[in-house]
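Each chain, written out:
Protein chains: 6
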Amino acid sequence: MTPQVQRAALEAPPDLLIDPIVRAALAEDLGRAGDITAQACIDPDARLGAAFVARKGGVIAGLACARLALAALDPAAVFQERVQDGETVEAGAVLAVIEANARAALAAERVALNLLCRLSGVATLTAAYVAQVAGTRARILDTRKTTPGLRILEKYAVRRGGGSNHRFGLDDAILIKDNHVAACGGVGAAIDRARERAGHMVKIEVEVDSLDQLREALARRPTIRRPDVIMLDNFGLDALREAVALTAGQVILEASGGVDLASVRAIAETGVDYISVGALTHSAPILDIGLDAL
Amino acid sequence: MTPQVQRAALEAPPDLLIDPIVRAALAEDLGRAGDITAQACIDPDARLGAAFVARKGGVIAGLACARLALAALDPAAVFQERVQDGETVEAGAVLAVIEANARAALAAERVALNLLCRLSGVATLTAAYVAQVAGTRARILDTRKTTPGLRILEKYAVRRGGGSNHRFGLDDAILIKDNHVAACGGVGAAIDRARERAGHMVKIEVEVDSLDQLREALARRPTIRRPDVIMLDNFGLDALREAVALTAGQVILEASGGVDLASVRAIAETGVDYISVGALTHSAPILDIGLDAL
Amino acid sequence: MTPQVQRAALEAPPDLLIDPIVRAALAEDLGRAGDITAQACIDPDARLGAAFVARKGGVIAGLACARLALAALDPAAVFQERVQDGETVEAGAVLAVIEANARAALAAERVALNLLCRLSGVATLTAAYVAQVAGTRARILDTRKTTPGLRILEKYAVRRGGGSNHRFGLDDAILIKDNHVAACGGVGAAIDRARERAGHMVKIEVEVDSLDQLREALARRPTIRRPDVIMLDNFGLDALREAVALTAGQVILEASGGVDLASVRAIAETGVDYISVGALTHSAPILDIGLDAL
Amino acid sequence: MTPQVQRAALEAPPDLLIDPIVRAALAEDLGRAGDITAQACIDPDARLGAAFVARKGGVIAGLACARLALAALDPAAVFQERVQDGETVEAGAVLAVIEANARAALAAERVALNLLCRLSGVATLTAAYVAQVAGTRARILDTRKTTPGLRILEKYAVRRGGGSNHRFGLDDAILIKDNHVAACGGVGAAIDRARERAGHMVKIEVEVDSLDQLREALARRPTIRRPDVIMLDNFGLDALREAVALTAGQVILEASGGVDLASVRAIAETGVDYISVGALTHSAPILDIGLDAL
Amino acid sequence: MTPQVQRAALEAPPDLLIDPIVRAALAEDLGRAGDITAQACIDPDARLGAAFVARKGGVIAGLACARLALAALDPAAVFQERVQDGETVEAGAVLAVIEANARAALAAERVALNLLCRLSGVATLTAAYVAQVAGTRARILDTRKTTPGLRILEKYAVRRGGGSNHRFGLDDAILIKDNHVAACGGVGAAIDRARERAGHMVKIEVEVDSLDQLREALARRPTIRRPDVIMLDNFGLDALREAVALTAGQVILEASGGVDLASVRAIAETGVDYISVGALTHSAPILDIGLDAL
Amino acid sequence: MTPQVQRAALEAPPDLLIDPIVRAALAEDLGRAGDITAQACIDPDARLGAAFVARKGGVIAGLACARLALAALDPAAVFQERVQDGETVEAGAVLAVIEANARAALAAERVALNLLCRLSGVATLTAAYVAQVAGTRARILDTRKTTPGLRILEKYAVRRGGGSNHRFGLDDAILIKDNHVAACGGVGAAIDRARERAGHMVKIEVEVDSLDQLREALARRPTIRRPDVIMLDNFGLDALREAVALTAGQVILEASGGVDLASVRAIAETGVDYISVGALTHSAPILDIGLDAL
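Chains as they are written, first to last, in the working numbering: chain R, 1 to 294; chain D, 295 to 588; chain P, 589 to 882; chain C, 883 to 1176; chain E, 1177 to 1470; chain B, 1471 to 1764.
No lab work stands behind these hints: they were computed from the structure. Just so you know, even glycine gets a beta-carbon here, dropped at the ideal spot from N, CA and C. Don't take every hint at face value.
Partial list, computed: chain R residues near chain P (C-beta under 8 Å) [as the list claims (entries may be wrong)]:
(1) Ser164
(2) Asn165
(3) His166
(4) Arg167
(5) Glu205
(6) Val229
(7) Asp233
With a straight-line Cα cutoff of 25 Å, these simulated DSS-like cross-link-like pairs (lysine-lysine) come out [said to hold, decoys possible]:
(8) Lys1353(E) / Lys1526(B)
(9) Lys765(P) / Lys938(C)
(10) Lys1526(B) / Lys1232(E)
(11) Lys644(P) / Lys1059(C)
(12) Lys471(D) / Lys177(R)
(13) Lys471(D) / Lys56(R)
Covered stretches of chain E (chain D as the covering partner; in silico rule of three or more C-beta atoms under 8 Å from a C-beta of chain D) [said to hold, decoys possible]:
(14) 1196-1203
(15) 1209-1220
Make the full structure from the sequences, and use the hints.
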């Protein structure tokens, strides 16, 4: 991942959008009685200095979640970032240092880690895919296969790992899939119908299952009637290469389906522009991070 | 664990608790303009018959989420379960059949699948751990390392996979960990303080890092002052065996730390009562399920 | 705009998105004690048959809001639409007929009308602009100058009036304006920076204030680096014509600024593709509609 | 508008009630990904000095909304009011000056303006009506024909324009209209029933359609059984004058129906106490205000 | 108060306003895991027939809360009222009979009873005060000393017990108290200021601490400038009688302060119009009601 | 109440959980127009110094609610506690002194007092029960008969009064009652079924109605299968004593049913461990506290 690609990614969502997620997570964990262990074992005025420490190496994302979780329980807490989201760290790296009311820090710990570990896991897995395709023109894309309630955070983590974002929801772009094609009576008819009805600020992508469908999509005239992006769904490597040749750069091509770390490089080398990987958000293991008392 | 014990596990949360999660997920996906692809390509009155089909084998959990997602967009939709949560299915199995307004079905599809695949992934991974420890006394436990906002669902999925639930939050039991021990000046002092302050309906668990700490915990007198559960954190197999021998069934023992599918059986064979596995909820890959038009 | 193009506009948002708006409006009007006039003067079991009647002619939008307001207070109420959203009606036209608990109907009346009148006002004003540009290639666009909380409804009303939607929010397309240009050091630099950073599913529009800026925007190479849409802000008619000639159909052109019913036709005749009109949503008078007892 | 009338108006709602409206509006505009244009084109630490400037003359209302919108995205932003709500300004007047994080300022701009322009539009239209009736005893009243979700703000804007508020909702006063009269079997019976049932802290108004109904309302005995206010609905000028003479100051009289800027003075000169104007809130064009970089 | 006056009291709030309170109460009680006892001990499909039975005699209020609590967990449940809110029942009376899913019924039981017992307690205590003043002109009033979150329900219960409602909140009438008088420089000045600023649909009450203050309040001229209601705060019986004589029916008089069941009749016999009793809502013991399986 | 018992109680819930309750209460009281009396009679910049003063003696709980109510309306207000929650005060004691914007202080007053008086009432009644059982082994317990929406606060107040908390909800412990016993076919069967299905961190209590049922509960083998707590429901004093003798300290015993201040000491002297008293939260009169201007 080159530096400018990383810089080019969209920035973190504003605290205004993250804070409600963090507070809901705290409410879920605190329940009705709050942290009864800390209430029993920690003096109300005790202080805790502690560090968020990576137990394994990876790419960090979500430090704002940890900061906001702590601030929600102790508005006067100190939270000093030692790395920034998007940085690659080694096992043992100190990510942030905190100094806060001890009860507040312990009550916020699990929520802070649940978000930070999960988002860093997404960023780390994304970075692994991005590394695999280094030197090709292909970029790694996420999908809408995100955790319900965490989409804005997980898509942010994908960007921090060097990936790009596909649609954020059903409403910000058109993606014509097999059911829509069937309902319209063909790829071409579906594209035409979408072009006619879509707003001028909305991009249109169509999923094709064969080279014939690809040709039908490319054949829309005038060229402005063509889809902006064509998704090549479950194409083999030969078919992908032929699709790239057929398209000749006139439309953005996205490869999709059955992509894993072992297969992604070969797919990238076919010359497609984007490769979408649902696993980035639906199956990323966490990055193990802990909170160590200082 | 015998089959009827598994059936006996706590049931699904009531729709009253699941429905807000599903509706929030739909709102996240629909955004402001809704499913603009379906609006463009599908007639408003078109119908869709479709089936939720497992692409891989595993244990199913979360069919209620799919049902509620569809009902939220088409209250008159038909949703017929063909299997029940907790069942193990083969790849290709039909999980449920639906008949609904086509736009509603397509708009609900991703949310339904995001929840169903994720929860079935948790159930499937849990079942794999449970299978590993078959024949031992050990039960597989989850942790609080759950996805923010989805805890009640993920813990339900663990139960459906044959696992047991640890605490649901910071407020429903006391779990004394290293920071609390340090604050109180020792394992014994921490237990005493918790016993003194905890309500009589609240169980107390203490995490110990060594056999010495275990002995200190077991030495509380009268025996009613002992913790209800002792967590043996990152003990080796020999230490676990010694802990089991020392404890002699007087207190429930939970092994924790660094457990994976390769190591869990050996741990179970030491004789501990419970083995907690964070990965059940923080790193389970999804179970691939799709919605196929009929 | 031909009739089928109007029919092709994006459909109404699902009830799932409208219902919370309607219920919040009812809560605002009912306050704590509810409709104390109806409670004092109407028997609890009295029935009311009534009709929503247009007091003036116009284009109707928002019947679903009226239906949902009534249903929220009397789930068994009958609501029969006599026209559909998007239809042009004469003064005196019956829009819908209801039969419901009388208290519920009277308590829902003002909320139903506040939404229905307001949205029909937006649709009617939009239709007036659309009629002015009939026969030209120009389409009428809305803006983000909508009523806080009602954006999805007002943009729907614009579509029902025959207009098209611009962005739904800050997140679904890029629109580079003067402040962004200044921050980047020029139109071209701003476009380049946005192209580099924007996702591939995101369209980019740039606002230009002069023909020089237009030329700079058109000069990006390769052509895929050009903006998708160029907004000609406050251009005179001659400048608009020159811009259309310069652009030669390579990029979509939107005219913006100081558009009113008197000026819109001349602007449309310059050959621009879109004309955006903030007044559609920020200054539309309501369409007068009442609820008459039968 | 005389100074003491303005002073007499109820003050602005507390921030506690405005802030949720502002934050919901920001969430609506930011969507999931936030302001992607600012993220692409503005450096994260850039600052922006800017001024809210009136593009046309009018009466200002809603500066608190602009302040809170900015503060929600940049809690450290500076917001200095140069005028106060209720002041009449000329085109070009600087209303407030801000200094803030540039991304935050640009992301808050549209929400701030949408509220400020709309409320200032209401205040300005109200002031125009108030000016028309200057020197008469009549005061200008709003109605419940407000924008759903914005009632407390729009009624505040009416006060800032020199108008008075009618009911805030269905629960804070009784207003007997034609349907209630019909249900009770006559104006007198309806008044009696309302008097009998209403709380002692609740005022009662009745709408009458004729002088006969007015006489029936005035005839209630003892006088404490009369309505507090009588609304003369769609009375001609002669009938209004006769109503004023008949009533002789014993009950407050409100004229209603078909009032516009051209007709309001003549109505006021009949001697009525209040004139209610739905257009103040349902059809006020915005006051054009912009945010100019300094 | 005659029976028909009691029937005339304002009716129950619509379900739309009660249901969110009931659902929030259920969420509070169900927590994360729901009713784990019923899950463990009751078969999922078991049915339960049961009756809500009064353990002591009193006035019933809040049956709608019980109905909605049950419906929230079992939409198909049967709930048959045997008495109506406002009825006086003996110990042992069956209030309602239900037939429902057994788990749902048991999970809803406590919330249903918590609301029903509390509201019936308020109604019963109110009825006791009302009975004490029978035959006098005095009516019993509540205050704003209600349980946070339950005001609309508790004020409804007061009406069901035969009492009348004072203000529902700070916004629906003006009540000038000692701090306001001090800020304005005297009772008369405070009344004048309130009259000048209050809307015409808003009643004004002033609290006076002495006969001199009462005289000052009554002396406002013209008479329409007088307060609508005067509260005689902590007046002795002689002072109350003198206040009634002085006022001579020109203004409504409310006695307040130190009222209990022993003292209320003597106060009522002084001739005041209203007597407000904070204890109705802040200190009413519940009416004991249980749910008995049939 | 001995000092260490008080110290042992769980601490106050974090502000994060209290603040939403306080803000909802303020919204309920402010309604739409806010405090119109203060707006009319108090200058916007006026200041108020005032003290919360106990009108009667008792145990204080809920000062945080008063603090948060004031801070919600005036973030810069000064709130100085003069006593702490849990302290017993005499009539006339100053609990806290405030200095704030006068309008904010007056608008927050009623909400602050409604919570503070109610919670102090709960604490005071609890302390009275606790005092009655001084010198016995019995502790006073609350129940789930709390005010909907205020459970966490009322249970906190019970602790401040020296009592202990029973379950916080249906999900944090198992309590087998008569309906569950009936469904399972007996006390023993119900216990067995609950033991089999409950999580290892969940305590189990069973309600018994007779000594025979008690014997059945105690007879579960091995002893770890016995319930953790047995509730003796409506046992007479002799039966309680016999139950204590039978149980011989092997299981915690809770007496329940028909407990009042007159009977509680005799019950305590039977040797039971806990006595639960629904009246603590369902029928506690408030402690009278006022806000006096300084």
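Numbers of the earlier hints that this structure fails to satisfy, in rising order
Going through the list in order, the structure violates hints 7, 10 and 12 and respects the others.
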